[in-house]
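With these hints in hand, go ahead and build the complete structure from the sequences.
In terms of our numbering, the sequence shown is numbered consecutively and its last residue is 321.
One should not assume that every hint holds.
Simulated restraints on C-beta separations [claimed, not checked]:
id: 1; residue 1: 154; residue 2: 103; range: 40 to 50 Å
id: 2; residue 1: 156; residue 2: 307; range: 29 to 39 Å
id: 3; residue 1: 158; residue 2: 303; range: 23 to 33 Å
id: 4; residue 1: 128; residue 2: 257; range: 56 to 66 Å
id: 5; residue 1: 311; residue 2: 158; range: 28 to 38 Å
id: 6; residue 1: 307; residue 2: 239; range: 18 to 28 Å
What the hints contain is simulated information worked out from the structure, not anything from laboratory work. Every residue gets a Cβ at the ideal spot worked out from N, C-alpha and C, and that includes glycine.
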Amino acid sequence: MRDTRRARLILGLLLTAALVVLTIDHRTGVSSPLGPARGVGASLFGTAEQVVTGITRPVGEFVSAVANSTSAQRRIEELEGQNARLRADLAASALDKARSAELRRLIGTSQRGGFTVVTASVIARRGHPGFEDAVEIDAGTDDGVRPEMTVVNADGLVGRVVQATARTSTVVLLSDPASSAGARLEGGNEIGVINGVGEYGRLVRFRLLDSTAQLTPGTRIVSFGSQRGVPYVPGVPIGVIEQVEATPGELTRIAYARPFANLSGLDVVGVVVAAPKRDPRDAVLPIRDGQR
30 MRDTRRARLI LGLLLTAALV VLTIDHRTGV SSPLGPARGV GASLFGTAEQ
80 VVTGITRPVG EFVSAVANST SAQRRIEELE GQNARLRADL AASALDKARS
130 AELRRLIGTS QRGGFTVVTA SVIARRGHPG FEDAVEIDAG TDDGVRPEMT
180 VVNADGLVGR VVQATARTST VVLLSDPASS AGARLEGGNE IGVINGVGEY
230 GRLVRFRLLD STAQLTPGTR IVSFGSQRGV PYVPGVPIGV IEQVEATPGE
280 LTRIAYARPF ANLSGLDVVG VVVAAPKRDP RDAVLPIRDG QR
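Rendered as structure tokens:
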């Protein structure tokens with residue numbers, strides 16, 4: 030109890046002294062005897078404030094930089110996403126334009142040949158029992174496609190349909206080793222047989238039945254046609270001869286031709302659902318340089 034009273038007494042005296050000092054300092058103003066002490070205190074507290082500010086400012090700047098960095102990173106990711114979408118849109122637009130151009134060329138080819146086609150797109154490259162080189166297209170029996178129909182593109186002969194479902198069909202390419210088609214040299218009646226040799230359709234083999242007929246590189250070949258146009262209609266460009274084999278004493282002559290159709294890069298194709306009323310002969314062959 031005695032200690033408590035003494036503490037209260039000391040606290041009261043200190044508060045009274047503090048009030049007296051504040052009153053004297055306030056009334057005397059600039060000439061206050063406490064000026065030097067106040068200056069020392071201000072100096073001490075000012076220095077402490079500068080020190081604290083010097084410590085906290087870099088921390089604040091670091092936190093702000095981290096926050097801004099995160100925001101900037103998000104913005105960069107957003108911009109990259111937008112750029113990717115724009116590139117995809119441009120690529121799709123270019124692809125649509127290319128397909129439209131290919132479709133127009135295909136229609137032009139079919140009109141020159143006098144045959145009716147159902148257009149389709151190649152959706153997969155696949156195998157088929159008994160064949161190695163085949164593709165799947167997005168047209169089927171619902172579109173009028175049947176097995177043993179000729180398949181072409183804007184450049185020439187592609188192959189034939191071997192299987193058809195309601196919405197898709199399987200096409201064996203001319204390049205397949207088990208594939209064969211009757212063919213004729215342009216500008217004449219010399220006939221032979223085209224066989225696939227694989228190698229991604231880079232070349233096909235042409236066996237000319239008349240060993241005495243002239244056969245030279247640069248000569249072009251068209252389809253001879255099958256009976257009733259099944260499986261091949263006549264007059265479809267096949268390819269151009271690149272090399273001729275020497276076959277002395279043989280009854281036939283052999284050459285290798287480069288197909289007009291890019292059999293390893295097919296996209297838009299046409300299935301011939303109605304054969305031409307008459308053989309177009311060489312009318313569908315591309316115009317050579319210098320010709321009209």
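Index of numbered hints that the structure contradicts, given in increasing order:
4
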